[in-house]
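There are 2 protein chains.
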Amino acid sequence: MEPGDGATSSLVRQMGAVRALEQSLTSTSDTGVAERLAERLAGVDPLRQLDQADRCGIRFVVPGDPEWPPGLDQLDHVLAEESFGGTPPGLWVRGPMPLTEIATSVAVVGSRAASVYGVEMTRAICDHLALAGVPVVSGGALGIDFEAHDATLVSGGATAAILACGVDRVYPAANRRLLQHLAAEFAVVSEQPPGSAPTRPRFLARNRLIAAVTTGTVVVEAALRSGALNTAGWAEQMNRHVMCVPGPVTSYTSQGVNNFLREGRGTVVTRGAEVLELLGSAGEHLVDAPRGEERARDRLTPIERRVAEWVPVSEPAEVDSISRLCGLHIRTTEGALRRLESKGFVRLTDSGWRLAPDA
Amino acid sequence: MEPGDGATSSLVRQMGAVRALEQSLTSTSDTGVAERLAERLAGVDPLRQLDQADRCGIRFVVPGDPEWPPGLDQLDHVLAEESFGGTPPGLWVRGPMPLTEIATSVAVVGSRAASVYGVEMTRAICDHLALAGVPVVSGGALGIDFEAHDATLVSGGATAAILACGVDRVYPAANRRLLQHLAAEFAVVSEQPPGSAPTRPRFLARNRLIAAVTTGTVVVEAALRSGALNTAGWAEQMNRHVMCVPGPVTSYTSQGVNNFLREGRGTVVTRGAEVLELLGSAGEHLVDAPRGEERARDRLTPIERRVAEWVPVSEPAEVDSISRLCGLHIRTTEGALRRLESKGFVRLTDSGWRLAPDA
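From first to last, the protein sequence lines stand for chains A and B. All you need for this note's numbering is the position in the first sequence, starting with 1, plus 655. All you need for this note's numbering is the position in the second sequence, starting with 1, plus 655.
Rather than coming from a laboratory, the hints here were simulated on the basis of the structure. Possibly wrong hints are sitting among the right ones.
Said to hold, decoys possible - Stretch-level coverage of chain B by chain A, calculated; a stretch enters the list once three of its residues show a Cβ under 8 Å from a Cβ in chain A: (1) 691–702; (2) 787–797; (3) 865–873; (4) 920–928; (5) 955–968; (6) 979–985.
Remember, it's a predicted structure, so these values are computed and weren't measured experimentally. In this text, a Cβ means the ideal position worked out from N, Cα and C, and glycines have one as well.
Construct the entire structure; sequences and hints are all you get.
Given below as structure tokens:
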């Protein structure tokens, strides 16, 4: 019984946090939820906890506060997964960045065991988002999460980490410097009170918060059982954009992403500009469809192009044969062939015209 | 004016091949199509051509023949692209394999400039198709096409090449041995008469035939302006399955495939079994959704798993704290912790229980 589990969320949703607390401390219920909550609450001194937190520079943001991310309220309307779910009773926040700033943020998440490819893609996308002034939210983990936070910082962007443990703890220890920097300059967020240890259920519960407070989730790399796909699933349920970076079928850390796409879920993104386009309002941040490089052939006149198309690739052909094939008069055809020759597209050999080898 | 161009196809569709021929030779039309066709036909001696072809072991298959691939007739109901389109008047076939055998075939196509990744994926997919007895159709080109034919042959499967030039010609020259083998043991097919040179329009026209005679098209690798995507476009228009192998965003030869997927076109496939599943009748060739490897954790009892989930990842916790978190009686919790310890999942330290580093 704690923030993030479906039963507690449901109790709070039904009667409000204050009545849920009172009832847990004074009465019994059919489901036993109130009793189990009361057992947990017996060891808790909320005022002392708030006071201690305050002295560590940690604030507790609750629904109704101007800082409260409105996306979180939607969590009450989403089906709980494996008993996690619901709007959290509040968020513990450490760091000067107001949570209002993440209203336009994008989640960038992925495997802890990131490949070079995943690192490269994460950094390129976060660099683009940072330069466009879009904050990046991630989970503070090793691998893709770390790269997402770090690349955003390097490019001068804003980034917040939402953790599974208390915001006063450092997990994983290898990310100590990153997490301390975020706590000092940006924001580290958790629904679990200070002191809480990271446990598997808390990671799964945490994923829903990442999906809920952002406008969309980018999954860069994820193995088949990755927590990043769990975050993507929450984003999908909440009608947020789910964006997937495809990768080699042969790469362990892309198998989950490719499979997600195979199920017809998520949209392929290949660069930061495409993320902005998907998340922008209609008509904002439009990107040109990627095109192959322009070829010299594209600059020919329509007549020249038509003639060039009918010049054989391998064995040469005479003008009259080419003229018949392209359906143009023999003199028009010959004139075009001469111009194509001067541009290096075709060659006149002893047995007729053929395409130049590199045309 | 030749097989594969929309105007000729349309004339043949409107009045049948015989009347189209007669009319072209005897009368005039508003559009000039008949005249231009007559000009082309002036240099043709059909009976002599058929006779010559016959002596080279080349047969001419026309609509109504038992060998005629019925999928080709659908081409008359598909929008022509860049003036190519329509049902061909006939197919020139070289090789002993009856075209009826390609009724269940799959097209496997892609870039000429294939990467190691593309080669690997093509061979794995074609090997799977060959072992399942599904014939593979491709275009006889360098790169993915070559690998598709070759891997199918190596695995004992059947494969046919549909060419842009006459079936008596070898293009590209580097594929001479492959094309000669296909002509001797399987089938090489073209709508262009023997002797025809490969030209760009004929490649584009040819692509529609690959899409039309197969039950689906797999694009393994394709750059942004690849002919393989043109084939996929035809397959899409004809309601054939279009299957795409995603690849690294950073790979030139996967950009076209990834972009095709980004447009919401095609289905991701990552292995041959998934191709068979898509093409099979409902309930045939079903594949299990890919799953991550089973972990030792998956074999725990529900109670053990519940307790294990609440043991902190980093700093240790006492039994009573874990018991409170997981909502189980303290004795149940302790029993489970002992069993988890003997299985190597958790460790008892001086300050309580924590997860084993590799659990």
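Each hint, compared with the structure:
1. Interface restraint, the segment 691–702 of chain B with chain A: holds (4 residues with C-beta to C-beta distance below 8 Å; minimum three).
2. Evaluation of the coverage hint for the segment 787–797 of chain B: breached, as 0 residues show C-beta separations to chain A shorter than 8 Å, against a requirement of three.
3. Counting residues of the segment 865–873 of chain B whose CB lies closer than 8 Å to any CB of chain A gives 0, which falls below the minimum of 3, so the coverage claim is violated.
4. As drawn, the segment 920–928 of chain B meets chain A at 5 residues by the rule of a beta-carbon pair under 8 Å; at three or more, the given contact holds.
5. Check result for the segment 955–968 of chain B against chain A: holds, 6 residues qualifying (beta carbon to beta carbon below 8 Å, three or more required).
6. For the segment 979–985 of chain B, the stated coverage by chain A holds: 3 residues have a C-beta nearer than 8 Å to a C-beta of that chain, and at least 3 were required.
Hint compliance for this structure: hints 2 and 3 are not met, and every other hint is.
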